[in-house]
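Fit chain B to the given chain A structure using the hints.
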Amino acid sequence: MGKQIVSVNINGKKVEKAVEPRTLLIHFLREDCQLTGAHIGCETSHCGACTVDLDGASVKSCTHLAVQCDGSELLTVEGLAKGPLLHAVQEGFYREHGLQCGFCTPGMLMRSYRFLQENPNPTEEEVRAGISGNLCRCTGYQNIVKAVLYAAAKLQQTEKVAA
Amino acid sequence: MNAPIDPKLLERTAALQGMGDSRLRKEDARFIQGKGNYVDDIKMPGMLFMDIVRAPVAHARIKSIDKSEALKVPGVVAVLTAEDLKPLKLHWMPTLAGDVAAVLADEKVHFQMQEVAVVIAEDRYAAADGVEAVIVDYEELPVVLDPFAALEPGATVLREDLAGKTEGAHGKRDHPNHIFTWESGDKAAADAAFENAPVTVKERIFYPRVHPCPLETCGCVASFDPVRGDLTTYITSQAPHVVRTVVSLLSGIPESKVRIVSPDIGGGFGNKVGIYPGYVCAIVASIVLGKPVKWIEDRIENISSTAFARDYHMDGELAATPDGKILGLRVNVLADHGAFDACADPTKFPAGMFHICSGSYDIPAAWCSVKGVYTNKAPGGVSYRCSFRVTEAVYIIERMMDVLAQHLNMDKAEIRAKNFIRKEQFPYTSPFGFEYDSGDYHTALDKVLNAVDYKGLRAEQAAKRADPDCPTLMGIGLVVFTEVVGAGPSKMCDILGVGMFDSCEIRIHPTGSAIARMGTITQGQGHQTTYAQIIATELGIPSEVIQVEEGDTSTAPYGLGTYGSRSTPVAGAAIALAARKIHAKARKIAAHLLEVGENDLDWEIDRFNVKGDETRFKTMKDIAWASYNQPPPGLEPGLEAVHYYDPPNFTFPFGVYLCVVDIDRGTGDTKVRRFYALDDCGTRINPMIIEGQIHGGLTEGYAVAMGQQMPFDAQGNLLGNTLMDYFLPTAVETPKWETDHTVTPSPHHPLGAKGVAESPHVGSIPTFTSAVVDAFAHLGVKHMVMPHNAYRVWQQLKESGVAL
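Chains A and B, in that order, are what the protein sequence lines are. Position 138 (the first sequence) corresponds to 138 in our numbering; numbering is contiguous. Position 638 (the second sequence) corresponds to 1638 in our numbering; numbering is contiguous.
One should not assume that every hint holds.
[Claimed, not checked] Taking lysine to any residue pairs in the SDA-like style, the calculated list, with each CA pair at most 25 Å apart, reads:
no.: 1; chain 1: B; residue 1: K1736; chain 2: A; residue 2: L149
no.: 2; chain 1: A; residue 1: K3; chain 2: B; residue 2: V1077
no.: 3; chain 1: B; residue 1: K1043; chain 2: A; residue 2: N119
no.: 4; chain 1: B; residue 1: K1736; chain 2: A; residue 2: N121
no.: 5; chain 1: B; residue 1: K1008; chain 2: B; residue 2: S1022
no.: 6; chain 1: B; residue 1: K1035; chain 2: A; residue 2: C33
no.: 7; chain 1: B; residue 1: K1736; chain 2: A; residue 2: T123
no.: 8; chain 1: A; residue 1: K3; chain 2: B; residue 2: K1043
no.: 9; chain 1: B; residue 1: K1736; chain 2: B; residue 2: P1687
no.: 10; chain 1: B; residue 1: K1736; chain 2: A; residue 2: A129
no.: 11; chain 1: A; residue 1: K3; chain 2: B; residue 2: Y1125
no.: 12; chain 1: B; residue 1: K1072; chain 2: A; residue 2: E20
no.: 13; chain 1: B; residue 1: K1035; chain 2: A; residue 2: E78
no.: 14; chain 1: B; residue 1: K1291; chain 2: A; residue 2: E31
no.: 15; chain 1: B; residue 1: K1455; chain 2: B; residue 2: T1739
no.: 16; chain 1: A; residue 1: K146; chain 2: B; residue 2: G1168
no.: 17; chain 1: A; residue 1: K17; chain 2: B; residue 2: A1126
no.: 18; chain 1: B; residue 1: K1257; chain 2: B; residue 2: N1037
no.: 19; chain 1: A; residue 1: K17; chain 2: B; residue 2: Y1125
no.: 20; chain 1: A; residue 1: K13; chain 2: B; residue 2: N1037
no.: 21; chain 1: B; residue 1: K1291; chain 2: A; residue 2: C33
no.: 22; chain 1: B; residue 1: K1736; chain 2: A; residue 2: S132
no.: 23; chain 1: A; residue 1: K146; chain 2: B; residue 2: L1024
no.: 24; chain 1: A; residue 1: K3; chain 2: B; residue 2: D1129
no.: 25; chain 1: A; residue 1: K146; chain 2: B; residue 2: Y1125
no.: 26; chain 1: A; residue 1: K146; chain 2: B; residue 2: D1740
no.: 27; chain 1: A; residue 1: K154; chain 2: B; residue 2: L1024
no.: 28; chain 1: B; residue 1: K1736; chain 2: A; residue 2: N119
no.: 29; chain 1: A; residue 1: K17; chain 2: B; residue 2: Q1033
no.: 30; chain 1: B; residue 1: K1072; chain 2: A; residue 2: G2
no.: 31; chain 1: B; residue 1: K1671; chain 2: A; residue 2: E126
no.: 32; chain 1: B; residue 1: K1043; chain 2: A; residue 2: I5
no.: 33; chain 1: A; residue 1: K82; chain 2: B; residue 2: L1024
no.: 34; chain 1: B; residue 1: K1588; chain 2: B; residue 2: K1621
no.: 35; chain 1: B; residue 1: K1043; chain 2: A; residue 2: E43
Since the hints were made in silico from the structure, they are not lab data.
If we strip away everything but chain B, and leave its shape as in the complex, we get:
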């Protein structure tokens, strides 16, 4: 370790552009020249366009559908309704949550903008004309929008298709609008902690419904070839292999004759995990018509009908000693899942990983319960960088920590430091049974507090609070979160029965370059660059010549896709281990070529040296050629490997976020003065790309906390479902981000790397709320419901008597 570093070795290491290198992206060349290949760029011979007739009301019986006028529209080829899907048993489809969802509304519609019929035409303009011409007669029914009211006795029953079913996919249903109740932790222990605790606090914390709103909407081009009998579908899917299996099961076409391809995807953010009715209808239409059928939704359809995020009504409780040591945690959640439970989750976790809600703290007793409810709204719940409900989990614990600190008149940094899991406690088993892999929260917190001069900020805040004429309120938000990413161990985690492993296949070519494919699928996170970096370091081949591909089910190994920040933890591990299989074979070949024993070789960056004589070596390039040219006896020719990785555990990255806001007492407008984000995701593959993930995630967090919402009126109309109102910040609104990091590797991961992409979203949202509420803390305000837009903050200013 102390030997002087040879510049030649450094040069050879740098030439690889491998692990830890902020190398520029291989993806960029095509994207900056308009040569990406997104779904709507695809044009196939004879391709038709599909558009969807959607429900104008939230809850109604369909009395009749008249297609006749639509069929007269020039260019319209066909109009399909639930009647046409019934013979194929495709008017309903299974969901990832174990429920079913209507593909095309049959007897009734369950939410506004629901799919009722589809029009297929020669181009999208004619299809849109056709949609206008379809006449649907509705008989309106009472709507159910409030999840609390949904569970009242005698509430309007939404899901008549489930009549008499008292057992759902996740246990007993005790009301027609009740989906599931899921619990975790030790209730008796938690209750006992609360009974004896000297201090208890309780707060209702609502996490509003928002939408991931990727800039590219959902769409597909389905192409059934009646001659070959095979189906090819280009699709905006974050899990194309899973889609292939599901499409095969539903259509009866053997999986080997179904090819699903995710090409370049213009952002996913969890919106593109599930299967939407539009995909199913395009596939059916293509099978019926024997031609390719393209479906591309509009923005309004995307926001209104595809997977929303959050909508958790959480009652949080903390029990503690008077000096702020936490004794117990209880959380009760009412989860609004909309009309069908299509919430994307591992099948055994209907509330995702919500039971990570004990956070970064050593809490001896904890219990949580989540009750899911049907309402007349679009399906969804899990999406938008949530890591399977970790957003909600982190929000509740971090809000409750602030509530407790305020109740005890303790500093919010101090109360956190007091309760942190100490670094020597890892691996740490949480009261909910998670085994946190590694962490060093105290060091990270100190780093952030020092970087921003926390004491100075508090002094400034105190001075401002003392001045009744100060035109602004100053708030300081602090969050210390623990993420859980990398689903996951197959004994716990599966998607519709498929264990949540992932995979990689690497093939070294005779001349030393390589092709590698994985079972994940990037939507902008830079896999084609970073995956190559992992292989570059493992095998000593420059990442420049390692070609990475994902998304084509006919070529890539089976994987579960990209969501839940699982690519680095699961596929990243598979990549390293596949490369190590190649490395082991390469060592055998090198030993043969150099006529020494395998143990007489040292691996040095890109070559095997004979120990003690570095003039005798074989580079990986030499070895690749030899593997095709003169394979040693007993070894197969060629040099390649596959690895399917079933992770032993999740990875648990963490972060410390601090935000300072100044609120204008005249307008309620909140200005983010400073946002400092420290993330620790263990070993860092490409710092430049991590930073980009952080910037994007923090910006989403700003959007969610400060402006995004999906309000419904009393009739169940979704309001603000276009960019006219749905808040997406531009460069002007978006704050400047400061980023920092520490490195606490995951001990069980082959590279020590943890996932990170969702951390900034998960962590930043409670940080903004913490800052905004902190601005009112001296006035006795304990919590404010997001979004913290000017109007709502101004209402708080009025209520607190400090509006100017």
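In isolation and in its complexed conformation, chain A is listed as follows:
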């Protein structure tokens, strides 16, 4: 199986690597790029621990081939904070105790990041549906919902200040 060159922009940096066509995006990120924030929790595409942002969409990277991403824009949890400044979703999870073991957290954050762009002012029910591709074993979700609502409010406020 020959390797193919993949050229992607990850967290604002251009990355070029040779990979086997069968390499899953999650393994490419974790093993070839040392971006180990995204995790693997299943092999049936349910848990969403591997969720990254690919060309403006939440994608389960265990269900995507690295070679499919040639020329793409990728954002992972490592790229959310701007320098020392946490993104609103990160701040929300911290403030509202939206994580315990932290294993689902990178996927939850990346999903919430995209979800709040899809729906900037969600209801609690919409948040629950919006993160239903992401499983968590520790939190019972209640504080995650609060965290996402916190982030939504914070982002709205930031927008107001900017405007």
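Frame of chain A, contents of chain B only:
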């Protein structure tokens, strides 16, 4: 006590972020930025990957294993089978239950998905290719899946390796598939109570096999360094020190040359207590190849082959007076332990703490018996927030209380209040010999009943029952449970011979910050935050600058790990007492510096004041510096202490849970309308973190009661062993939780704190069943077997003649 509170004192107290503070977590910064360090994040030079060839059938002889094709796969380095482990005597390994388990199947396989061979390759893709290429020839044998059938005369014998052994680790074995029989209580007294009782009820209650399914599966990176002759293994272990001792004993490498490290763990939930064959094989492979070997299992392997939970078939009986006063309890259990008894328990308790099954009630006579049986299934039993079988114990007594209430046509809250151990009875010795430390059940029950307007709910239910056209059935579930956590006193409790103490070591640095290490290991419960809070209050050092570490056997003091909600009861106590040793020395130093007697000093938040003159004081920071700078005569320089804590007793937190469900008569779908959970774990270290533990535990309980199961077909194939079927609720299914609390401290614990993390799981499951069954109670239904998924509830609707 009545003096006005000085805002400056409040400010200094708040600055510590100590006991009782809902301080935000120190762990979060790395996790929200993807900078945690979990086992599969670890990359070592020359590291190889291991994958496992597993049994496709449940019971079969292995006629041959052909590695030759696998060895031709590009990237494959080695293939190991039981033949390769035999010279090291590692084809079988000891278990925490005193049995042995096959590491790699030797002559036969005992359960589907059992480990048969391992492939080591340059990367995980090649290892997976290698696994496909290994050819194993099996000769199938009859399977044994029903634990009742397993004990019939002439039943297929599973464990040929035990042939002729009539004595197991826990006494006599009277059948080749019989593991142990364990009893507790006074049988004669219980039998007498039943003989004379005017009212008796009996019910068979099955607690189905489920799986803890942590989001991160099990795995390790084993690295034997042939030059140094030492072994380092990064591992998903909830008890790394115990693993080090066991690995040393099995490998012959001195314990000082074995370093086991539990890094960040993506949830444990009891799944990561024991040693799995994958760990052993990775270690052996690393020793053989002289390179690091990584093993990370898939989800399907995790669910299929690692420690399951429950699988108790319980026959419960209550004897009572006609007005509902309980006179006696008898329970007979058939426990399905799978092919090898690897049930994680203190060695003297093969059925864990099941004898807590007299519950929150003052029962004069009680007896229980648990019989363990082998079947063609994966090992396990104790895991998934069970506190060593307390889940089962609470389930049986709470189900039986409902059965009795229904039989007597009594209200389920009233019958409980009637039988509660009264608060003045504590410390209370149970009929099984536990000494409950403290409790106030009546107050807690009243609080919950008032909060949810129990009477109003019952009135609503009565109205709905009176209306034949009501499209839903309404059920009210109530559970009042007593937990037993904090194993435990070394005279009773040990893990493979090591007493179940735990430990803490605190070192104060010259500039007043501190490092502290404990023998426990967090898997998300927030130890790095809460442990620092305990020390902050004890020593007047802000928790922010107290660095807490666990999991590295080369640096942390020896402890027994984290499971059974034992961290707060045991390590929490060790932390407080280690800090108090430092505090005592600090007082000596302060007295020296202030040139007064030790008794002339008052401790005030973060400093020693001279009595009557608070302008003369030394802060803990001053004292820390002095201990390095100018130690008083007769005292060693430095400021640090270690404490190993052997608890005098367990802690007995309790809770009152109430759940309201509405069942759709057309579909059988059950909607949780309300769930109210009151927990009392004594002194609360961090309410925010407790609440998170409760939410998680209640969600697990919802999963277990409403959807999780591990069914086997007649051939012994495990069905639904992936997330395609194995029910894990998302945010959409998970109910909203209401939490409440009272505070009844543990009198024997240095902080008054009890464990709590497993309470929500233990207590909520019977609450859901209680609610679902209650919805059918007016139709004469006494019990329904979990899980209460739509299909099964719909079958009950049909059977009861109320399906729409």
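Exercise. Determine which of the earlier numbered hints do not hold for this structure and return their numbers in increasing order.
Key: 3, 16, 25
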